[in-house]
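Those protein sequence lines, which keep their order, are chains A and B. Reading the first sequence from the start, the letters are residues 1212 to 1323 in the numbering used here. Reading the second sequence from the start, the letters are residues 5 to 117 in the numbering used here.
Mixed in with the good hints there might be a few duds.
Claimed, not checked - Simulated crosslink set (DSSO-like; lysine-lysine; CA at most 27 Å straight-line):
id, chain 1, residue 1, chain 2, residue 2
1, A, Lys1212, A, Lys1279
2, A, Lys1212, B, Lys74
3, A, Lys1279, B, Lys18
4, B, Lys18, A, Lys1310
5, A, Lys1310, B, Lys74
6, A, Lys1253, B, Lys75
Claimed, not checked - Chain A is nowhere near these chain B residues, computed Cβ spacing over 12 Å in every case:
id, residue
7, Val8
8, Gly44
9, Met45
10, Tyr68
11, Leu73
12, Ala86
13, Thr90
14, Ser98
Claimed, not checked - Computed list of chain A residues with no C-beta within reach of chain B, every gap over 12 Å:
id, residue
15, Glu1228
16, Thr1237
17, Ser1280
18, Gln1315
19, Gly1316
Don't read these hints as lab results, they were simulated from the structure. The structure displayed is predicted, hence computed values, not measured ones. Backbone N, C-alpha and C fix where the C-beta goes; we use that ideal spot for every residue, glycine too.
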Amino acid sequence: KQEVTQIPAALSVPEGENLVLNCSFTDSAIYNLQWFRQDPGKGLTSLLLIQSSQREQTSGRLNASLDKSSGRSTLYIAASQPGDSATYLCAPSIQGAQKLVFGQGTRLTINP
Amino acid sequence: NAGVTQTPKFRVLKTGQSMTLLCAQDMNHEYMYWYRQDPGMGLRLIHYSVGEGTTAKGEVPDGYNVSRLKKQNFLLGLESAAPSQTSVYFCASSYSTVGQPQHFGDGTRLSIL
């Protein structure tokens, strides 16, 4: 059974810092991995999707990397802003209908 | 663009009552999913569908039924609500092609008293 762990559970940093969020998963047989952001009381917004054959994917100030063999992914946020405050979730896609398995997330707070 | 729309947004039920949650998507996606989100448990897959007329069980299907009579709609039913089903329910959809992201609705907050 795929298990996903996100470390740290919560992170608070001053505005402008670069930061890294970590995600580990137990089964390397994945199709891809998605990173989402969730604002309080809202749904999930897809940030990045990395295919199993890719090493990294970039969108603006966000960069996600994937090391499938070691079961790890990281989300790098450059020059953090207060608007980046949210919970970040990673979810590898397991075989069959692209089902996602979610970690419990990292709650990020960027202080002005 | 509407994307994925969930109805209702909030609902309070009494134990034993029944209700249906509606998910509608306007992106012509083949795949649709129902998740529940609970504190300390993360999001867990309840049921999913790979196309019109098909449904399959996810990780936590007990106590729920689903139907996908039309491609754009995916219904989640609670036949006899229990307090353990108090949760936030999210619907998602995606294309069937590998590597396509899932798109989520804003959720339904359900409380069972």
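Results of checking the hints against the structure:
1. Lys1212(A) x Lys1279(A): holds, 16 Å
2. Lys1212(A) x Lys74(B): Between Lys1212(A) and Lys74(B) the Cα gap is close to 32 Å, so the pair fails against 27 Å, i.e. violated.
3. Lys1279(A) x Lys18(B): Given pair Lys1279(A), Lys18(B) is violated - Cα atoms ~45 Å apart, limit 27 Å.
4. Lys18(B) x Lys1310(A): Given that 27 Å is the threshold and the Cα spacing comes to 31 Å, the pair is violated.
5. Lys1310(A) x Lys74(B): Distance of about 21 Å is within 27 Å: holds.
6. Lys1253(A) x Lys75(B): Since the Cα atoms of Lys1253(A) and Lys75(B) sit roughly 25 Å apart, the hinted pair holds (cutoff 27 Å).
7. Val8: Answer for Val8(B): violated, closest chain A Cβ roughly 8 Å.
8. Gly44: violated, 7 Å
9. Met45: Its Cβ does come within 12 Å of chain A, the nearest being 8 Å, so this is violated.
10. Tyr68: Given that every Cβ of chain A is farther than 12 Å from that of Tyr68(B), nearest at about 16 Å, it holds.
11. Leu73: The assertion about Leu73(B) holds, with a minimum of 19 Å to chain A.
12. Ala86: It holds; Ala86(B) is separated from chain A by about 23 Å at its closest Cβ, greater than 12 Å.
13. Thr90: holds, 16 Å
14. Ser98: It is violated; Ser98(B) is separated from chain A by about 6 Å at its closest Cβ, not greater than 12 Å.
15. Glu1228: holds, 26 Å
16. Thr1237: Thr1237(A) is indeed farther than 12 Å from all Cβ atoms of chain B, at 14 Å.
17. Ser1280: holds, 19 Å
18. Gln1315: At about 4 Å from chain B, Gln1315(A) fails to clear the 12 Å cut-off, so the statement is violated.
19. Gly1316: It is violated; Gly1316(A) is separated from chain B by about 7 Å at its closest Cβ, not greater than 12 Å.
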